[in-house]
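Participant: Sequence:
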Amino acid sequence: MPHAKSTDIVVTPLQHDTNKKTNFGAIITGVDLNELDEESFQKLRTAVYTNNVVIIKGQKDLLPSKQFDLVRRFDPDCKPSHGFGYGKSTAELGPTGKKPFYLIPDSGGVTLVGNGYQGPDHYGLKEVTMSGFSHTDFNCEPLSEEQLAAGHAKFVHFHFDGIMYDSHPSRVTTFRCVKQPKGPEVTLHVGDEAGSTMKVQPGSTAFINCAQIYDLLTEEEKKIADNSYWEPAPHPFGWSGTRMMTSNGLGVAPGGETVPLDKLPHWEADKVFKYPLVWLNPVTGEKGFQIMPQCVRKLYLRSSPDEEVREVEDPEEIRVWLNGIHERIVKPEYILVPSCEEDDMVVWNNWGITHSAIEYPPSYGTRAMHQCHIASSTAPLGPTPVPA
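Under this note's numbering, think of the first position of the sequence shown as 422, with each following residue one higher.
These are calculated hints, taken from the structure and not from any lab test. Careful: at least some of the hints might be erroneous.
Here are the in silico distance ranges between beta carbons for each label pair [claimed, not checked]:
#1 LYS500 with PRO675: 35 to 45 Å
#2 ARG731 with ASP482: 48 to 58 Å
#3 ASP587 with VAL704: 43 to 53 Å
#4 THR639 with PRO605: 40 to 50 Å
#5 PRO806 with LYS692: 14 to 24 Å
#6 ASP727 with GLU460: 43 to 53 Å
#7 THR639 with PHE694: 21 to 31 Å
#8 ALA570 with ASP764: 43 to 53 Å
#9 ASP764 with THR550: 15 to 25 Å
#10 GLN568 with GLY677: 19 to 29 Å
#11 ASP527 with GLU614: 43 to 53 Å
#12 GLU763 with THR639: 24 to 34 Å
Straight-line distance between alpha carbons at most 25 Å, and here's what the computed DMTMM-like set of lysine to aspartate or glutamate pairs gives [said to hold, decoys possible]:
#13 LYS442 with GLU641
#14 LYS481 with GLU460
#15 LYS603 with ASP764
#16 LYS719 with GLU737
#17 LYS695 with GLU707
#18 LYS695 with GLU652
#19 LYS695 with GLU642
Computed from a prediction, not measured in an experiment: that's the story for all the values here. Just so it is clear, CB atoms sit at the ideal spot from N, CA and C, and this is done for glycine as well.
Let's have the full structure, built from the sequences with the hints guiding it.
Facilitator: Rendered as structure tokens:
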């Protein structure tokens, strides 16, 4: 088929209901990701960073290797492999390490994620039956099996993509919808104080714009956020130990124990990187409050570049402060759960978005997604440099 030109690409911002405060997301048509010239890529890149989450229609014939190439083009200097690496277990990855890692052969670094039987041969993966992640692995107030079977769900857990040890989080994540489960809408329990629910498409992903988290800060909190930074633990998902997430999937619940540093797999101090509390959008310069609460071992707080840093290592103080911020955003009006059809590919700004899977009843059938994110060659930048 003829190559799509940049002039063929149409970017249409999502139209949100009047009761929504979400201010991001777009649909893109007129692009063939198998044949993407540089001018078209640059238009796509601008659309991703301007809209933060884009749904690219009509990608049924997209080759996994071309999906991998697309992610690399956002970061030409990156190490060409999937952002989670290989050969890791629950000791490094916590509950995420419980599941097998299905790398699509000859893709470079695209993985199969989903649920159910994937057929006799899925792009070279033979006779794979998958069990998707459940919120019960993470959430302090899990739903019952009966509720799950009846079509109720919670966020699995909010995060951005990256292992956060000896590598930087991916600049973007791509997610191609190969097969969607079939069934009625799922009732999503948001986990806010109001007990809110949302009706969502089964097999969906939820997104929160970290720029909107920043916008909800007070002026004093913004000064602190602009000038402060945080440090994850080594192998932070393993280090998080028996701690659980709050009912909303974004905060850390009371209780549980982290793993002592000397009980973790081998680690080196110079491979534990510090990150700003606020990350700047590479295209728009927009500020986003970007942090994974379950990974944080230390906060370094100050209200100006010249102020003495207050180092916070008390896990309870960290937990309470971050939960107080994040509880403002996990409400239906701020959560985007876009409709996704088979053959769509979702691309999002992993440096400006936090996201969560939403489970669905197994009776709805198979879900198959091709996922790719690659550890960034550079750290994200904030408004104030992070000390070395």
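Participant: Next step is simple, just say for each hint if it's right about the structure.
Facilitator: Going down the list of hints, with the structure as the test:
The hinted range of 35 to 45 Å is satisfied by LYS500 and PRO675, whose Cβ atoms lie roughly 38 Å apart. The hinted range of 48 to 58 Å is satisfied by ARG731 and ASP482, whose Cβ atoms lie roughly 54 Å apart. Separation of ASP587 from VAL704 is about 27 Å and departs from the stated range, judged on CB atoms against 43 to 53 Å. For the pair THR639 and PRO605, the beta carbons lie near 41 Å from each other, so the given range of 40 to 50 Å is met.
For PRO806 paired with LYS692, a C-beta distance near 20 Å keeps the hint of 14 to 24 Å intact. At roughly 44 Å, the beta-carbon separation of ASP727 and GLU460 lies within the given 43 to 53 Å, and the hint holds. Range check, THR639 to PHE694: about 28 Å between beta-carbon atoms, so the 21 to 31 Å window is met. Checked against the hint of 43 to 53 Å, the pair ALA570 and ASP764 fails, with Cβ atoms roughly 29 Å apart.
At roughly 23 Å, the beta carbons of ASP764 and THR550 sit within the given window of 15 to 25 Å. Range check, GLN568 to GLY677: about 23 Å between beta-carbon atoms, so the 19 to 29 Å window is met. For ASP527 paired with GLU614, a C-beta distance near 49 Å keeps the hint of 43 to 53 Å intact. The hinted window of 24 to 34 Å between GLU763 and THR639 is violated, with their beta carbons roughly 44 Å apart.
This hinted pair checks out: LYS442 and GLU641 have alpha carbons roughly 23 Å apart, not beyond 25 Å. For the hint linking LYS481 to GLU460, the alpha-carbon distance of about 22 Å falls within 25 Å, and the restraint holds. The straight-line distance between the Cα atoms of LYS603 and ASP764 is roughly 15 Å, inside the 25 Å bound, and the hint therefore holds. With a CA separation close to 11 Å, the supplied pair LYS719 and GLU737 stays within the 25 Å bound.
The suggested pairing of LYS695 with GLU707 holds, with an alpha-carbon distance near 20 Å, which does not exceed 25 Å. Under the criterion of a C-alpha separation no larger than 25 Å, the hint pairing LYS695 with GLU652 is consistent with the structure, at around 5 Å. Between LYS695 and GLU642 the alpha-carbon distance is near 20 Å, which keeps this suggested pair within the 25 Å criterion.
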